[in-house]
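**Q** Each chain, written out:
2 protein chains.
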Amino acid sequence: MAYFDAASAAPLHPVGRQALLAALDEGWADPARLYREGRRARLLLDAAREAAAEAVECRPDELVFTPSGTRAVHAGIEGALAGRRRVGSHLIVSAVEHSSVLHTAEAHEAGSGSVTEVAVDRTGAVDPAAYAKALRPDTALACLQSANHEVGTVQPVAEVAEACRAAGVPLLVDAAQSLGWGPVAGGWSLLTASAHKWGGPPGVGLLVVRKGVRFAPQGPSDERESGRAAGFENIPAVVAAAASLRAVRAEAAAEAARLRDLTERIRTRVPASVPDVEVVGDPQRRLPGIVTFSCLFVDGETVLHELDRAGFSVSSGSSCTSSTLTPSHVLRAMGVLSEGNVRVSLPPGTEAREVERFLTVLPRVVAEVREKLGAPVAAGAAGAAEHTVGGSGVLVVDALGRRCPIPVIELAKVIGDVPVGGTVRVLADDEAARLDIPAWCEMRGQEYLGEEPADHGSAYLVRRLS
Amino acid sequence: MAYFDAASAAPLHPVGRQALLAALDEGWADPARLYREGRRARLLLDAAREAAAEAVECRPDELVFTPSGTRAVHAGIEGALAGRRRVGSHLIVSAVEHSSVLHTAEAHEAGSGSVTEVAVDRTGAVDPAAYAKALRPDTALACLQSANHEVGTVQPVAEVAEACRAAGVPLLVDAAQSLGWGPVAGGWSLLTASAHKWGGPPGVGLLVVRKGVRFAPQGPSDERESGRAAGFENIPAVVAAAASLRAVRAEAAAEAARLRDLTERIRTRVPASVPDVEVVGDPQRRLPGIVTFSCLFVDGETVLHELDRAGFSVSSGSSCTSSTLTPSHVLRAMGVLSEGNVRVSLPPGTEAREVERFLTVLPRVVAEVREKLGAPVAAGAAGAAEHTVGGSGVLVVDALGRRCPIPVIELAKVIGDVPVGGTVRVLADDEAARLDIPAWCEMRGQEYLGEEPADHGSAYLVRRLS
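Going line by line, the protein sequences match chains A and B. The numbering of the first sequence is UniProt numbering, which starts it at 1 and goes up by one. The numbering of the second sequence is UniProt numbering, which starts it at 1 and goes up by one.
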C-alpha cells in the first residue's frame, strides 16, 4: 500500500495527533469565557497562533484560523476586494490557481467585478511581466499560488509581489502546497494555507493579512478571530495544525532533498520505461514531492483503477476522472496532454522501495490498458479506424461519441495513411480532444491546423509533417 | 471543579472521542478520490450523514455538514433568502435568537432586505400569533430557535411552523441547544445545529434543507456537501459528531429527567437562600439543564470571578461580562433584570453533590459581593447615596459614570427617603440601567415612569408605590 496523493491530503502527523489528543482534553471550552476552562482554551489558541505566525513569518495578530483553506481563500479574496472597493473591482488571478481561487473570481465576475486571468507557459509558470502588464489603475487585488497543486511548478512569487508593490496593489498568495516546506518569500500582502496539506488535521486554514492592508470582512461576522472567521474556534484542530507545521518544518530540509531525489527518479525513468509519455511541469523550479506525467493512448480512470489495484493511490487531471468530464484546468492552461494523466505526490516519509515498486508496476499497467484499448504500438501499425478519404484528399476520422483517449488513438492510427503534407480531419465531441489533439501534435512533431465547428462536435485538423 | 456552562460548549463525549481517533486513521483522505483511502473516507462520511439524519429525522440527502453551527446559520439563512428572492426580501426572526442569526439578519438589512423582530414575553417565549401577524406577502423566510440558549425557554416551534406553512413561508429552526435532547417536532423547512453543543467536537455544524424548499447557496462554492458548504470535509470531526449525537440521544431521556431535577433544585432554592434574586425563563417549558437567575445589587463579573475561585464555571448575560458593556440581548428582550446575572447550564453527567455544593457556595458569594459594593441589606437601610431633593420635591440620584449595579443600588438606598407617591430621578450613563431600573421596579412593586434625556446620559424616573 503506497499513498502517493499528498497534494490532496496528508495523513495527520504523529506530533499533530498527540497535540490533538491533548487539546481535546484542555481546549474544548469557549476561549472567550472568563472561567478556568475558557482561559486554558485561550492559552492554547494563543500559543497555536504564535507558532503558526512564526512558521509563516508574520505577526500573530496578522493571522487568523479559518475552517479550511478554501474558506481562507474565499474570505481573503472577498475581504481584500471589499477593502479596496474605492480603487476599483479588477481582480488578477493566474490560470492555474486552485479552484477555490477561481470560484471566488467567478463569483466576483458574476457580480460587478472584472477578472484578468494571466496565462502560464508550458511548464505551468506565470511570467512576472505578464502580471505587471495585467495591473490596471482599478486593480483591487492580484492572486498567485506559491506553487501549483497539480504539476508542482513553483511560481515567481517574489517578482510578482514586487510588480504589485510598485503598482500599490496587494498580492494574495495561496501557499497551500508549499507552506509545509518553508515560508513564502517576497513582499506579499495576504496569504492563505490549509493544514491538511502539510500533515495537520482537516478543518483548519490560515488567513494572513499584513498590517496596513485594507481589509473588510464580508458576510455576517462575530467577535471571533478578529471578525475575520465567524464561528466557534476549533481549538483542538488548530493546536494540532500548529504542532504539525512545526514538526514538518523541522524535517523539511532533509525530507525535501530525499523526496526530490525520488520524484527525479520518476521524472527520468518513466519516459524511459513507458513509451509515449510526457512529463509535465518545471523540471527545476518545482515542489520536492510532486511529479506529473501524461500517457498517450490510455484513459486516466482506468490507469488510476489499475494502480489502485496494484496498491498505489494517485490522482489524475484527465477528463474521465472529473465529475464534469473536462480535463484539469491546469493542464489545459499549460497546453499539455491530459489523457492518461497521473499525478504522483509523495508524502514525507515515502520509502524509496515504494517508488521503485511504482516504477516497476507502471509500465505493465500502461501497456495493459493500451492493449485493451487497441492503441497503436508503433506509428503506422495496422489500425481498425473507421475512416474515409474525402474528395479533397483529406482523411476523415469519425470519433463522435467516443471518449478520451479514443480520438487520439484513432488519429495516431491513421496519420501514416496520409502522405507527408496531407491532412487528417478528426470529428470528436469529447471535451478532452480539444486539448489532447494539439498536445499530441506537439509531442509527435505534426502540425495542428486548428478546430472547426462540425455538424456534431468539432473537427480538428492535423497536417502530417513527418 | 464543576463545569456548569454546557450551553457554551460541552466536552467531547467519550464515544465521540473514540470515533474521532478511529476516523483520524481511516478518514483523513479526500472522499472525492477513487482510490481506497478515498473510498474509505467516503464510507465514513456517508455513514455519519445517515446517523445524523436519523437523529434529525430527515433524509440523508437533505443534510450537509458545515464547519460550525454559526456557518450553518449563515449559509442556511442566506441560501433560503436567495432561493426566494422573487417572493421578496422580508425576514422574520425572534428577538432572542442566537447572535449568529441576528448578525445574518443585520447583514441582510444592511443590504436591501427588511427584518421584523418578533418580541418575546417575560419568560423569553414568542407568541405564535405574533409570528403569524409578522408574515407578509413578501416574507422570504422566518427563523425561530427551538429553545433559548441563555434562559432555556422552549419555543412553540410546531405552532409557528404551522403558521408559516399556512402562509407558504419556510421556517428555519436553530436547534443548537436542543438537538442533543431530541428531534425538533413540527413542519420546519430548514434546521441548523452545532456539534460541540451536544458533546461532539468543535468544527461541525449541521444544515438541513427539506426537499422542495427553494435554496440558492451564496458565495463561492465547490462540489463538496452538495455545493452548500465549501471546503475539504472534516471527516474525523463529522464522524465524532454523529457518534456523539447517537450516544447522547441514547442517554437523553434518563439524563433529561435527572438534570431537570437538579435545575429545579436551583430554581427553587436560590430564591430561598439568596435575597433579591429573580429566576428567569419559563419554569415549565424549558431545557433540562439550563437555569438562569439575576441577583440585585451585584455585578456579574465579580460573581463569575468568585464562583470560578470556588470551582464553578458559569456564564452571565450581565453587561460587565460582555465585550460591548451592554446587557445580553435576550435579557433585554425579556425585560428582566440583567445585573448579577448567572446562567447555570449543566452538562450531562453532572453530579447532584456538585449542584448541592453550588447551592451552598452561592449565598456566601453573593453576600460578599454585595457587602463590598455597599448594597442595602434591607429596604430603607442607611445609605451613602449622593442625592439631592430638588425644588419640585423630586429626589435626584447622580449615578453618572457609575457602572452596573451601582445605579440600582443607589436607587434602592434612597427609595425609602421619598414619601409614597414621591419620585426618584436617577441620572445614569451605564447602558444596563435602562434595563435594570425598570426590572428593579417590577421586582419591588414600584412604578417605573420612564426615561428622559439628560445633560449627560439619561434620567430614569421612579415613583414610590409602597
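Quick caveat, the hints were computed from the structure, so don't treat them as lab data. Fair warning: this is a prediction, and the values are worked out from it, not measured in the lab. Cβ coordinates follow ideal geometry from the N, Cα and C atoms, glycine included. A portion of the hints provided could be inaccurate.
Just so you have them, the derived chain A footprint on chain B, three or more residues with Cβ under 8 Å [to be verified]: (1) 214-221; (2) 291-301; (3) 325-338.
Facing chain B, from chain A, some residues (calculated, C-beta under 8 Å) [claimed, not checked]: (4) Asp30; (5) Arg36; (6) Ala53; (7) Thr70; (8) Ser100; (9) His196; (10) Gly219; (11) Ser221.
**Q** Indicate, hint by hint, whether the structure satisfies it.
**A** For each hint, the structure was consulted:
1. Evaluation of the coverage hint for the stretch 214-221 of chain B: fulfilled, as 3 residues show C-beta separations to chain A shorter than 8 Å, against a requirement of three.
2. Interface restraint, the stretch 291-301 of chain B with chain A: violated (1 residues with C-beta to C-beta distance below 8 Å; minimum three).
3. Counting residues of the stretch 325-338 of chain B whose C-beta lies closer than 8 Å to any C-beta of chain A gives 0; at least three are required, and the coverage claim is violated.
4. Against a cut-off of 8 Å between C-beta atoms, the interface hint on aspartate 30 (chain A) holds, since the closest Cβ of chain B lies about 4 Å away.
5. Checking arginine 36 (chain A) against chain B by beta carbon gives a least distance of about 6 Å; that is within 8 Å, so the hint holds.
6. A hinted interface residue such as alanine 53 (chain A) counts as satisfied when its beta carbon comes closer than 8 Å to some beta carbon of chain B; here the least separation is about 21 Å, so the hint is violated.
7. Interface hint status for threonine 70 (chain A): upheld, as the beta-carbon distance to the closest one in chain B is roughly 4 Å, under 8 Å.
8. For serine 100 (chain A), the interface hint holds, since its Cβ comes within 8 Å of a Cβ in chain B; the closest pair sits about 7 Å apart.
9. For the restraint placing histidine 196 (chain A) at the interface with chain B, the shortest Cβ-Cβ distance is roughly 6 Å, inside the 8 Å limit, so the hint holds.
10. Annotation: glycine 219 (chain A) was flagged as interfacial toward chain B, and the flag holds, the nearest CB pair being 6 Å apart, inside 8 Å.
11. This hint holds: serine 221 (chain A) has a C-beta 7 Å from the nearest C-beta of chain B, less than the 8 Å allowed.
Violation of the numbered hints given earlier is confined to hints 2, 3, 6; the remaining hints are satisfied by the structure.
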